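2 protein chains.
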Amino acid sequence: MTRQELITTIKQKQSYLCVGLDTDIEKMPAHLNGDVLAFNSAIIESTKDYCVSYKINTAFYEAQGAQGWHNLKETFQLIPKTHLSIADAKRGDIGNTSDQYAKAFFNEMQADALTVAPYMGKDSLASFLAYKDKWTIVLGLTSNQGAHDFELLELASGKKLYQEVIEKVGTWGTEENLMFVTGATQASHLGDLRNIIPNHFLLIPGVGKQGGNLKDISKVSMTEDVAILVNSSRAIIYASTGENFAEAAGEEAKKVAEEMKVILEEINIK
Amino acid sequence: MTRQELITTIKQKQSYLCVGLDTDIEKMPAHLNGDVLAFNSAIIESTKDYCVSYKINTAFYEAQGAQGWHNLKETFQLIPKTHLSIADAKRGDIGNTSDQYAKAFFNEMQADALTVAPYMGKDSLASFLAYKDKWTIVLGLTSNQGAHDFELLELASGKKLYQEVIEKVGTWGTEENLMFVTGATQASHLGDLRNIIPNHFLLIPGVGKQGGNLKDISKVSMTEDVAILVNSSRAIIYASTGENFAEAAGEEAKKVAEEMKVILEEINIK
Numbered sequence: 001m002t003r004q005e006l007i008t009t010i011k012q013k014q015s016y017l018c019v020g021l022d023t024d025i026e027k028m029p030a031h032l033n034g035d036v037l038a039f040n041s042a043i044i045e046s047t048k049d050y051c052v053s054y055k056i057n058t059a060f061y062e063a064q065g066a067q068g069w070h071n072l073k074e075t076f077q078l079i080p081k082t083h084l085s086i087a088d089a090k091r092g093d094i095g096n097t098s099d100q101y102a103k104a105f106f107n108e109m110q111a112d113a114l115t116v117a118p119y120m121g122k123d124s125l126a127s128f129l130a131y132k133d134k135w136t137i138v139l140g141l142t143s144n145q146g147a148h149d150f151e152l153l154e155l156a157s158g159k160k161l162y163q164e165v166i167e168k169v170g171t172w173g174t175e176e177n178l179m180f181v182t183g184a185t186q187a188s189h190l191g192d193l194r195n196i197i198p199n200h201f202l203l204i205p206g207v208g209k210q211g212g213n214l215k216d217i218s219k220v221s222m223t224e225d226v227a228i229l230v231n232s233s234r235a236i237i238y239a240s241t242g243e244n245f246a247e248a249a250g251e252e253a254k255k256v257a258e259e260m261k262v263i264l265e266e267i268n269i270k
Numbered sequence: 271m272t273r274q275e276l277i278t279t280i281k282q283k284q285s286y287l288c289v290g291l292d293t294d295i296e297k298m299p300a301h302l303n304g305d306v307l308a309f310n311s312a313i314i315e316s317t318k319d320y321c322v323s324y325k326i327n328t329a330f331y332e333a334q335g336a337q338g339w340h341n342l343k344e345t346f347q348l349i350p351k352t353h354l355s356i357a358d359a360k361r362g363d364i365g366n367t368s369d370q371y372a373k374a375f376f377n378e379m380q381a382d383a384l385t386v387a388p389y390m391g392k393d394s395l396a397s398f399l400a401y402k403d404k405w406t407i408v409l410g411l412t413s414n415q416g417a418h419d420f421e422l423l424e425l426a427s428g429k430k431l432y433q434e435v436i437e438k439v440g441t442w443g444t445e446e447n448l449m450f451v452t453g454a455t456q457a458s459h460l461g462d463l464r465n466i467i468p469n470h471f472l473l474i475p476g477v478g479k480q481g482g483n484l485k486d487i488s489k490v491s492m493t494e495d496v497a498i499l500v501n502s503s504r505a506i507i508y509a510s511t512g513e514n515f516a517e518a519a520g521e522e523a524k525k526v527a528e529e530m531k532v533i534l535e536e537i538n539i540k
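Listed in order, the protein sequences are those of chains A and B.
One point on numbering: in our numbering, the residue at position 83 of the first sequence is 83, and numbering is uninterrupted.
Heads up: take any position in the second sequence, counting from 1, add 270, and you land on our numbering.
Be careful, since some hints might not be right.
To be verified - With a straight-line Cα cutoff of 30 Å, these simulated DSSO-like cross-link-like pairs (lysine-lysine) come out:
1) B:Lys429 x A:Lys160
2) B:Lys392 x A:Lys160
3) B:Lys281 x A:Lys122
4) B:Lys297 x A:Lys134
5) B:Lys373 x A:Lys103
6) B:Lys281 x B:Lys531
7) B:Lys438 x A:Lys159
8) B:Lys392 x A:Lys215
9) A:Lys122 x B:Lys438
10) B:Lys297 x A:Lys73
11) B:Lys524 x B:Lys489
12) A:Lys73 x A:Lys48
13) A:Lys159 x B:Lys343
14) B:Lys281 x A:Lys160
15) A:Lys103 x B:Lys343
16) A:Lys103 x B:Lys297
Stated by the list, open to error - The calculated label-pair distances, taken between Cβ atoms and stated as ranges, are:
17) B:Ile537 x A:Asn107: 40 to 48 Å
18) B:Lys402 x A:Glu5: 43 to 51 Å
19) B:Gly365 x A:Asp35: 23 to 31 Å
20) A:Gly95 x B:Asp486: 18 to 26 Å
Because the hints were derived from the structure by calculation, they are not lab data.
These figures come from a predicted structure and were not determined experimentally.
Where a beta carbon is used, it is the ideal one built from N, C-alpha and C, also for glycine.
Could you put the whole structure together from the sequences, leaning on the hints where they help?
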């Protein structure tokens with residue numbers, strides 16, 4: 001999915017919601033007897049009108065062994081082509097290894113996008129960025145408490161580490177194939193960040209269970225192209241653990257989408 | 271495997287070699303018809319006398335889809351209990367997600383050790399370090415050119431980022447369940463690093479194809495407990511692509527082990 005296609009979809013739907021499929025067998029409704037694909041399929045069906053993207057957290061699938069890996073691939077098949085599919089896998093290694101990760105997610109899984117970690121530098125990301133028609137989403141400033149340990153450290157240059165990461169990585173890809181993860185709990189930093197990368201899409205987790213406020217983070221990070229995707233996982237997919245789980249997830253996604261519509265109207269983005 | 275068991279094995283074998291099973295279907299001998307488990311099994315059989323550990327690079331398995339993930343698990347079963355089995359997966363995410371990765375590798379795969387990336391800080395590593403009888407191996411200073419992009423940046427404190435990572439992370443685990451990845455191409459930094467973590471085990475990749483010199487890096491990083499594992503992947507497992515591939519791999523591993531024996535004798539470690 002191209003940048004322009006994504007922007008068009010967002011503006012048409014008046015939603016920049018990404019639903020996170022962090023499907024945990026232990027949290028699924030009991031009546032599904034651990035059938036991950038039945039769960040994901042129902043969640044996608046009930047939420048697809050309110051979101052523009054799905055983010056699949058690979059860890060939850062890996063924890064289920066080969067069956068989980070099979071479910072991971074099948075889940076990518078379940079996502080409508082109209083929605084951006086993101087493998088949230090946070091990979092990254094030396095070049096010959098990153099080549100294999102790129103193959104695993106972009107070719108084998110047919111994901112539109114993959115999250116990657118920046119620590120190992122340029123050659124660890126090059127394999128992903130070589131795919132011009134796929135999205136590489138690099139960790140910038142994450143939503144967790146641990147962001148203070150390294151990401152927010154001050155460098156000798158006066159910049160924070162995450163600023164250096166975003167500035168440097170920003171020159172390695174384009175606005176057409178590179179996004180950044182920036183946590184919703186970091187609203188005070190998101191404005192500064194737009195000075196460094198005025199146009200790149202941001203994938204923003206941390207709204208909902210992690211405590212980020214949708215309106216605040218949208219206002220400081222949105223551009224006239226919108227250029228943000230806000231992810232919500234647990235608050236939507238586990239809205240109910242009863243037989244009405246899909247309906248409840250749809251209601252929750254709808255609620256977030258309606259909030260987004262109001263925000264877009266307030267900022268006058270059409 | 272405990273620290274003491276690992277040290278004892280190293281001293282008995284006079285080898286601190288870790289063989290990397292970066293098994294690439296495209297580089298395997300043609301007569302195996304892509305049978306990854308036959309390849310790994312033969313390589314393990316021919317090299318096990320000369321090494322103390324196997325490192326499985328998960329990317330090469332993930333690139334093969336659900337069958338690859340199955341092969342990954344089966345390969346962990348092939349590794350003798352006398353050898354430390356490492357999942358080289360470079361995972362790391364927020365707490366509830368890292369919990370799932372820990373489950374995937376420590377429980378489901380039954381790996382003894384897992385490599386993880388430090389960028390997201392303490393709470394992203396806590397899930398792994400909570401396993402006291404497993405090893406968490408954190409990226410410190412990697413062997414690739416990209417290490418210069420972020421890992422070697424100077425902080426406002428005057429330290430390099432990788433030094434801060436090693437110093438801080440060093441306080442989150444113990445010498446019994448925490449190691450660091452430090453690349454063999456970084457010999458000039460390995461000595462300094464021992465001032466920060468005098469006793470922790472180091473996993474050192476980058477000897478062989480990546481150009482690191484075994485003797486140099488061993489001398490600057492070894493302690494009286496040895497406390498290093500030097501990994502070699504491609505130079506050993508692809509020593510020959512003919513029908514004699516296993517024999518050739520064994521010969522290559524033996525050659526490295528003999529070099530290690532000489533180094534240990536020179537430093538008078540018994």
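How the hints compare with the structure:
Only pairs whose Cα atoms come within 30 Å are accepted, and B:Lys429 paired with A:Lys160 is accepted, the gap being roughly 14 Å. Restraint check for B:Lys392 and A:Lys160: satisfied, since their Cα atoms lie roughly 18 Å apart, inside the 30 Å limit. With a CA separation close to 38 Å, the supplied pair B:Lys281 and A:Lys122 exceeds the 30 Å bound. Restraint check for B:Lys297 and A:Lys134: the C-alpha separation of about 26 Å stays at or below 30 Å, so the hint holds.
Between B:Lys373 and A:Lys103 the alpha-carbon distance is near 25 Å, which keeps this suggested pair within the 30 Å criterion. In summary, the hint linking B:Lys281 to B:Lys531 is supported, as the alpha carbons are separated by about 9 Å, within the 30 Å threshold. The hinted pair formed by B:Lys438 and A:Lys159 meets the criterion: a straight-line CA distance of about 20 Å does not exceed 30 Å. Between the alpha carbons of B:Lys392 and A:Lys215 the distance comes to roughly 29 Å, so the proposed pair stays at or under 30 Å and holds.
Taken as a hint, the A:Lys122 and B:Lys438 pair is honoured in the structure, with Cα atoms around 24 Å apart against an allowance of 30 Å. For the proposed pair B:Lys297 and A:Lys73, the alpha carbon gap of about 25 Å is at most 30 Å, so the pair holds. For the hint linking B:Lys524 to B:Lys489, the alpha-carbon distance of about 20 Å falls within 30 Å, and the restraint holds. A hinted pair counts as satisfied when its Cα atoms are at most 30 Å apart, and A:Lys73 with A:Lys48 qualifies at roughly 19 Å.
At most 30 Å may separate the alpha-carbon atoms for a hinted pair to count; A:Lys159 and B:Lys343 exceed this at roughly 43 Å. At most 30 Å may separate the alpha-carbon atoms for a hinted pair to count; B:Lys281 and A:Lys160 exceed this at roughly 44 Å. Straight-line distance between C-alpha atoms of A:Lys103 and B:Lys343 comes to about 20 Å, which keeps the hinted pair within the 30 Å bound. A hinted pair counts as satisfied when its Cα atoms are at most 30 Å apart, and A:Lys103 with B:Lys297 qualifies at roughly 16 Å.
Against the hinted window of 40 to 48 Å, the Cβ-Cβ separation of B:Ile537 and A:Asn107 comes to about 47 Å, which satisfies the hint. For B:Lys402 and A:Glu5, the hinted distance range of 43 to 51 Å is satisfied, since their beta carbons lie about 49 Å from each other. For B:Gly365 and A:Asp35, the Cβ-Cβ distance of about 26 Å falls inside the hinted range of 23 to 31 Å, so the restraint holds. Distance hint for A:Gly95 and B:Asp486: a CB-CB separation of about 23 Å, consistent with the stated range 18 to 26 Å.
The structure shown violates the earlier hints numbered 3, 13, 14.
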